[in-house]
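Chemist: This is what each chain is made of:
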Amino acid sequence: MSGSSPSDDGSPDGRRGLVGSLLLRPVAQLDRVIAVIERVILSYAILLMFLNTIGNVIGRYIFGQSLYFSEELNQFLIVMVTFVGVGYATRRGRHIRMSAFYDQLKDKHRKILMVLIALGTGLVMFWLSWLAAQYVMSVAASAKVTPALRVPLYLTYLWVPFGLFLTGIQYMLTVVRNLTEPAVYISYEEVDAYEEIDTTTAGAGEDRS
Amino acid sequence: MTAVMLTVMVVLLVLGFPMMIPLIAATLLAFVAFFPMMPMENIIQQMIGGVKPTALIAVPMFIFAADIVTKGQTADRLLDLVMRFVGHVKGGLAVTAAATCALFGAVSGSTQATVVAIGGPMRPKMLQAGYKDSFVMALTVNASDIAFLIPPSIGMIIYGVISGTSIAELFIAGIGPGLMILVMFSAYSIWFAYRNNIPVQPKSDWLERLQAIKRAIWPLGFPVIIIGGIYGGIFSPTEAAAVSVAYALILEVLVFREVSLREIPDIALSTGLITAGVFILVAAGQAFSWVISFAMIPQAIIGGLGLDGAGPVMTLVAISIAFFIGCMFVDPIVVILVLVPIFKPLVTAAGLDPVLVGTIITLQVAIGSATPPFGCDIFTAIAIFRRPYFEVIRGTPPFIFMLLLSSALLITFPQIALFLRDLAFR
Chain A
10 MSGSSPSDDG SPDGRRGLVG SLLLRPVAQL DRVIAVIERV ILSYAILLMF LNTIGNVIGR
70 YIFGQSLYFS EELNQFLIVM VTFVGVGYAT RRGRHIRMSA FYDQLKDKHR KILMVLIALG
130 TGLVMFWLSW LAAQYVMSVA ASAKVTPALR VPLYLTYLWV PFGLFLTGIQ YMLTVVRNLT
190 EPAVYISYEE VDAYEEIDTT TAGAGEDRS
Chain B
192 MTAVMLTVMV VLLVLGFPMM IPLIAATLLA FVAFFPMMPM ENIIQQMIGG VKPTALIAVP
252 MFIFAADIVT KGQTADRLLD LVMRFVGHVK GGLAVTAAAT CALFGAVSGS TQATVVAIGG
312 PMRPKMLQAG YKDSFVMALT VNASDIAFLI PPSIGMIIYG VISGTSIAEL FIAGIGPGLM
372 ILVMFSAYSI WFAYRNNIPV QPKSDWLERL QAIKRAIWPL GFPVIIIGGI YGGIFSPTEA
432 AAVSVAYALI LEVLVFREVS LREIPDIALS TGLITAGVFI LVAAGQAFSW VISFAMIPQA
492 IIGGLGLDGA GPVMTLVAIS IAFFIGCMFV DPIVVILVLV PIFKPLVTAA GLDPVLVGTI
552 ITLQVAIGSA TPPFGCDIFT AIAIFRRPYF EVIRGTPPFI FMLLLSSALL ITFPQIALFL
612 RDLAFR
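Line order of the protein sequences matches chains A and B.
Using our numbering, read the first sequence as starting at 10 and increasing by one per residue.
Using our numbering, read the second sequence as starting at 192 and increasing by one per residue.
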């Protein structure tokens with residue numbers, strides 16, 4: 010899939026002009042760093058989830074003792090996967106959507122609709138991220154700790170406002186990309202093109218951009 | 192207000208917004224309209240709470256196992272096994288395809304993975320043998336949906352969590368209807384082969400069959416672990432899912448050596464990506480469900496549809512129709528997340544067994560996913576087979592008829608689903 014993504018995000022190719030290259034280059038570089046972090050978090054959270062669950066089974070049947078923190082660790086990991094992953098799924102243009110109507114449109118109209126969708130979705134994400142920040146602060150104020158590991162509860166929720174905020178940023182970058190490039194972009198990185206639909210659930214191999 | 196909410200949801204959906212947005216937008220709207228005095232952070236609290244149940248961990252684990260297995264040899268070996276036994280019967284190739292879909296469903300639980308893993312290798316073989324392409328594609332798409340019913344089933348896990356139903360019981364209850372559909376599809380395949388005079392495949396001798404069994408013995412461990420482990424009360428479904436990941440790793444990395452250890456983090460990343468796409472919907476769905484049940488919206492909708500005080504059969508028919516239509520247009524998980532809370536009061540009032548309801552819902556989800564205009568498996572098939580939309584759907588009507596017949600049978604004879612459940616748990 011990486012064939013569709015421009016190899017150099019910051020290339021000043023005239024179309025984008027001075028403002029674009031000055032503004033977008035640092036953003037694009039930061040964005041690439043964030044993408045790597047997201048990938049590492051998603052991948053290792055899933056592996057850890059597996060080790061934790063299987064460890065609990067082994068502990069119970071072989072050593073006669075369950076891992077006392079197993080459930081709590083899994084809860085932490087799934088919250089992390091969900092809210093860090095939203096941003097990553099946005100980046101990869103992989104959110105489930107019904108595109109039947111959209112597909113009927115001409116490229117020009119598609120682009121307009123895509124800008125609207127990305128703008129609207131991005132704003133909702135920013136709003137949710139704001140609400141999430143307030144929620145995390147209220148949890149922090151309540152000084153709750155998790156039952157088994159006694160970790161402050163709000164620390165396990167930090168991913169939520171961050172993840173939603175980064176998702177909002179991804180949608181805003183999608184808007185910018187669509188306004189500065191001729192093709193229709195489904196995300197900042199991915200051109201909207203049909204022949205590239207990833208059909209296997211195991212689409213991991215194509216994930217090196 | 193309910194009408195405004197529904198309209199907003201439909202408009203956002205049709206325009207092509209990511210599916211989390213219609214759910215979130217309806218939630219925000221309902222919240223502002225019904226509970227203006229309550230802090231809005233409650234929505235976030237619900238979203239986080241929505242992904243936390245331990246039972247849901249089974250979803251990424253089963254996806255992970257499926258991702259590993261799809262990269263390896265499991266599907267080929269299962270195919271070969273079934274082929275050796277039924278390939279020589281009239282329509283044997285088609286029966287093989289259908290049966291392997293069911294068998295692979297017992298390994299992976301993902302219909303899309305099943306379309307890829309079985310449809311990929313079987314279609315050229317069947318075309319060569321003289322089957323019509325429209326039949327082949329329709330069979331693949333519809334038989335893959337048996338994977339929804341055969342445990343593990345991701346739809347069932349999500350239904351179980353949001354309706355508070357035992358996932359273990361749902362898994363066991365799905366087996367009966369899954370097999371019933373397999374029998375129907377096989378019968379139709381045989382009839383189709385006779386009618387079109389499709390030549391039979393050479394018969395395998397017992398030595399070849401023995402070898403095929405030997406090759407497939409490892410993959411056949413999956414249903415033993417998952418169904419046996421849950422049936423025998425050894426594992427919870429979540430644990431069974433993790434054990435099947437371990438088993439998939441042992442199989443593909445150590446035994447078949449088809450997947451290298453270095454690929455595992457990449458596979459996990461793909462699993463994480465799919466998981467996040469599903470779980471943000473689950474999170475939004477939880478917030479949605481909480482707000483609408485708090486605002487008594489389900490009761491209003493049920494009343495508006497004239498379903499107040501509906502009896503069990505009427506309720507099941509209404510549920511079937513709603514889910515069938517929903518899944519024709521929208522992703523099954525979204526339909527489950529939206530409709531289950533709406534129908535919940537009706538199910539409770541009619542005194543229905545939630546396991547039966549879950550099985551019927553899963554069946555409808557399976558049917559809807561393979562039904563035009565927008566069943567999601569049709570689009571998987573378009574992408575894999577690289578054939579235009581109308582060719583892919585041309586052969587579907589007989590299959591949809593059979594599936595609707597099986598819905599009617601299941602509603603009339605709930606024992607098709609509940610027999611095994613009662614045997615195991617009662």
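Hints in this document: simulated from the structure, not taken from any laboratory.
Quick caveat, the model's predicted, so the values are computed rather than measured.
Don't take each hint at face value.
Said to hold, decoys possible - Facing chain B, a subset of chain A residues (Cβ under 8 angstroms, in silico):
(1) 55
(2) 66
(3) 68
(4) 72
(5) 87
(6) 90
(7) 101
(8) 109
(9) 113
(10) 115
(11) 128
(12) 129
(13) 132
Unchecked claim - These stretches of chain B come out as covered by chain A in the derived footprint (C-beta under 8 angstroms, 3 or more residues):
(14) 203 to 212
(15) 237 to 246
(16) 419 to 433
(17) 453 to 460
(18) 463 to 470
The beta carbon of each residue, even a glycine, is placed where N, CA and C say it ideally should be.
Chemist: Name the hints, by number, that the structure is in violation of.
Modeler: Hints 3, 4, 9, 10, 11, 13 not satisfied by this model.
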